[in-house]
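Number of protein chains: 2
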Amino acid sequence: MKNDRFLRALARAPVDCTPVWIMRQAGRYLPEYRATRARAGDFLTLCKTPELACEVTLQPLRRFDLDAAILFSDILTIPDAMGLGLSVEEGVGPRLEKPLRSRADIENLAVPDPESDLGYVMEAVRLIRRELDDRVPLIGFAGSPWTLATYMVEGGSSKEFSLIKKIIYDEPETAHLLLSKLAAAVAAYLAAQVAAGAQALMIFDTWGGVLTSRDYENYSLGYMRKIVNALDRDLKEDRPPVILFTKGAGQWLEKIASAGCEAVGLDWTVDLDDARNRIGDRVALQGNMDPNVLYASQGRVRQEVARILKQFGSGRGHVFNLGHGIHPGIDPENVQVLVQAVHEMSIPFHD
Amino acid sequence: MKNDRFLRALARAPVDCTPVWIMRQAGRYLPEYRATRARAGDFLTLCKTPELACEVTLQPLRRFDLDAAILFSDILTIPDAMGLGLSVEEGVGPRLEKPLRSRADIENLAVPDPESDLGYVMEAVRLIRRELDDRVPLIGFAGSPWTLATYMVEGGSSKEFSLIKKIIYDEPETAHLLLSKLAAAVAAYLAAQVAAGAQALMIFDTWGGVLTSRDYENYSLGYMRKIVNALDRDLKEDRPPVILFTKGAGQWLEKIASAGCEAVGLDWTVDLDDARNRIGDRVALQGNMDPNVLYASQGRVRQEVARILKQFGSGRGHVFNLGHGIHPGIDPENVQVLVQAVHEMSIPFHD
Numbered sequence: 102m103k104n105d106r107f108l109r110a111l112a113r114a115p116v117d118c119t120p121v122w123i124m125r126q127a128g129r130y131l132p133e134y135r136a137t138r139a140r141a142g143d144f145l146t147l148c149k150t151p152e153l154a155c156e157v158t159l160q161p162l163r164r165f166d167l168d169a170a171i172l173f174s175d176i177l178t179i180p181d182a183m184g185l186g187l188s189v190e191e192g193v194g195p196r197l198e199k200p201l202r203s204r205a206d207i208e209n210l211a212v213p214d215p216e217s218d219l220g221y222v223m224e225a226v227r228l229i230r231r232e233l234d235d236r237v238p239l240i241g242f243a244g245s246p247w248t249l250a251t252y253m254v255e256g257g258s259s260k261e262f263s264l265i266k267k268i269i270y271d272e273p274e275t276a277h278l279l280l281s282k283l284a285a286a287v288a289a290y291l292a293a294q295v296a297a298g299a300q301a302l303m304i305f306d307t308w309g310g311v312l313t314s315r316d317y318e319n320y321s322l323g324y325m326r327k328i329v330n331a332l333d334r335d336l337k338e339d340r341p342p343v344i345l346f347t348k349g350a351g352q353w354l355e356k357i358a359s360a361g362c363e364a365v366g367l368d369w370t371v372d373l374d375d376a377r378n379r380i381g382d383r384v385a386l387q388g389n390m391d392p393n394v395l396y397a398s399q400g401r402v403r404q405e406v407a408r409i410l411k412q413f414g415s416g417r418g419h420v421f422n423l424g425h426g427i428h429p430g431i432d433p434e435n436v437q438v439l440v441q442a443v444h445e446m447s448i449p450f451h452d
Numbered sequence: 102m103k104n105d106r107f108l109r110a111l112a113r114a115p116v117d118c119t120p121v122w123i124m125r126q127a128g129r130y131l132p133e134y135r136a137t138r139a140r141a142g143d144f145l146t147l148c149k150t151p152e153l154a155c156e157v158t159l160q161p162l163r164r165f166d167l168d169a170a171i172l173f174s175d176i177l178t179i180p181d182a183m184g185l186g187l188s189v190e191e192g193v194g195p196r197l198e199k200p201l202r203s204r205a206d207i208e209n210l211a212v213p214d215p216e217s218d219l220g221y222v223m224e225a226v227r228l229i230r231r232e233l234d235d236r237v238p239l240i241g242f243a244g245s246p247w248t249l250a251t252y253m254v255e256g257g258s259s260k261e262f263s264l265i266k267k268i269i270y271d272e273p274e275t276a277h278l279l280l281s282k283l284a285a286a287v288a289a290y291l292a293a294q295v296a297a298g299a300q301a302l303m304i305f306d307t308w309g310g311v312l313t314s315r316d317y318e319n320y321s322l323g324y325m326r327k328i329v330n331a332l333d334r335d336l337k338e339d340r341p342p343v344i345l346f347t348k349g350a351g352q353w354l355e356k357i358a359s360a361g362c363e364a365v366g367l368d369w370t371v372d373l374d375d376a377r378n379r380i381g382d383r384v385a386l387q388g389n390m391d392p393n394v395l396y397a398s399q400g401r402v403r404q405e406v407a408r409i410l411k412q413f414g415s416g417r418g419h420v421f422n423l424g425h426g427i428h429p430g431i432d433p434e435n436v437q438v439l440v441q442a443v444h445e446m447s448i449p450f451h452d
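Residue numbers (the working numbering), protein chains in the order written: chain A, 102 to 452; chain B, 102 to 452.
The hints are simulated quantities; they were obtained by calculation from the structure and are not laboratory data. Honestly, I wouldn't trust all of these hints.
It does not matter which identical chain is meant; a pair holds if it fits inside one copy or across any two.
[As the list claims (entries may be wrong)] In silico lysine to any residue, SDA-like type, Cα no more than 25 Å apart, as pairs:
hint : residue 1 : residue 2
1    : Lys-411   : Gly-323
2    : Lys-260   : Gln-399
3    : Lys-282   : Gly-400
4    : Lys-356   : Glu-445
5    : Lys-411   : Asp-271
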């Protein structure tokens, strides 16, 4: 590996400077991404055509000195493979044509076979690894079972999550049946991504933060833990580092850090020094700049990078990132400034 | 006062059972509210017609054994009085016709005079107090300066808050100018509500939780503290108890409790026992049932009430409430079950 800073930071090994990548780095803020997407016709075709998914995965690496690539895909490929009929319209968000409406719908769900049902993802991973040629590591990913369940029951994005919450409050066993199937599906999907070449894994729990503390443990974190355990069992010493990221989980960082993962993703509401004090050196920390800072001036971006590096302080185990995906309206020039600032200004914090 | 449980709980005095009221208790889940609103024609007319605002304020008290009334109004009456042109469309949410687009727009803002510019609110407060005839106390309220600022800059509800955040990151002085004017406006507005008859006050900081920890202190909590201080100075011993509520502020409870208020409102992501351990007995706690529990069965509602009462445990200073406003789709029958369950099941927790 020519640049293994990212993997070293996840292992809390020494690095020359803090590694950085950006959630949704292959995305709409890049004109070349918009051009490829226009060529594909729509978002899902882009996801399902390995050559195009590979192309957009690599685009940000050509512009910026990023320390990791992340597979271009969508967390809803699994519900799609389970037969729920995914469509993604720009500005509207994802829609599932056949949301889960009954216990029978959930009983009838089959766990997809990653190679036969999601072969386009595995093919993209293989292609990206070939093209990357070990310049930087490739991150594979999936949505958390809870987050996938919210979309599968609500039929799309939600504000109040009333349908899925009615299930957890009134039919907890039905919720557990769905989440168990999703945990099995996600574990198999991530293991297949590793077999295809993914060198680190991230689980995105976008909606764990809408749960009560107890339900977060029961319905979200518990299933992420099961996935990590399944990967340990199935991949043994080949199990790559896993990053768990729940948005809005500032209250529960200690619990997440104890779930068997190598790193915890932090949104921007969390103070990095506070997080480090609470978690200690058990795991690495990834994050946590407010994506909105990238709307500000270059001077302000640098100032915020400095603040976050200082908050983490000296020592091992920090991967710089935003606290959430980059917004489509951001000027790529500011991403350039961010990446350069992280590399330059972090040197004094390392031996 | 015939029933002063709510005020006693805020003062951490002994009560016979735990008082309960419900955020947005005068709202669309009640058929009689929908009828009055239909009669008014639209939401804003309902707010601006004291007789109708009084009527809907009292409606939930006729059905349920609630321990407090809350003025029917909207947090955006202040931006409206500042000339931004409020409209509220059902299902779309609030819109401000003339959002703030420049430093000059902010410099030109005048702090409204509550009696002349927001007289319909003061008239509603006086009318409600007359009609309530001291059965239960009346809560007055306002939005926090930060929350008002987000609407005034974004022009309505927002997902990413990019415009207001660009201001705090690039022009912090401009943000402070706006927030200072809003703090003065809110303090005067709340003082006028007290003069008109409000017996407790609540400040709703719906969007403080989208800030970083440091910016929450600088741009949201700091201005709520200024308001409490202004009320102390202006009202002296007549200053009624103040409840501060920031959604998504589980990480910052200790800071909020130290802001000079008598009570902290808690959303449903917070564990009440954990909150009490962290805050101690400095202030009362209000909350914190997930509003979605009201979609579940009556048995499940009672179970959740029991869990929350047990989490708070014995002792003084708990006001039962939801962790956010009640949803329009809730069956009023379940509210009946909730209110009765709180009163009955809380008796063993009091002397």
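Structure-based check of each hint:
For the homomeric pair Lys-411 and Gly-323, the shortest alpha-carbon distance between copies (24 Å) is at most 25 Å, but the shortest distance inside one copy (33 Å) is not. Only between protomers do Lys-260 and Gln-399 lie at most 25 Å apart by alpha-carbon distance; the minimum there is 24 Å, versus 34 Å within a single protomer. Taking the shortest alpha-carbon separations for Lys-282 and Gly-400, neither the intra-copy value of 48 Å nor the inter-copy value of 28 Å comes in at or below 25 Å. In the homo-oligomer, the alpha carbons of Lys-356 and Glu-445 never lie at most 25 Å apart, since the shortest distance is 33 Å inside one protomer and 35 Å across protomers.
Proximity of Lys-411 to Asp-271 under the C-alpha cut-off of 25 Å is restricted to the inter-copy arrangement: shortest distance 21 Å between copies versus 47 Å within a copy.
The structure fails hints 3, 4 (numbered hints given earlier, in ascending order).
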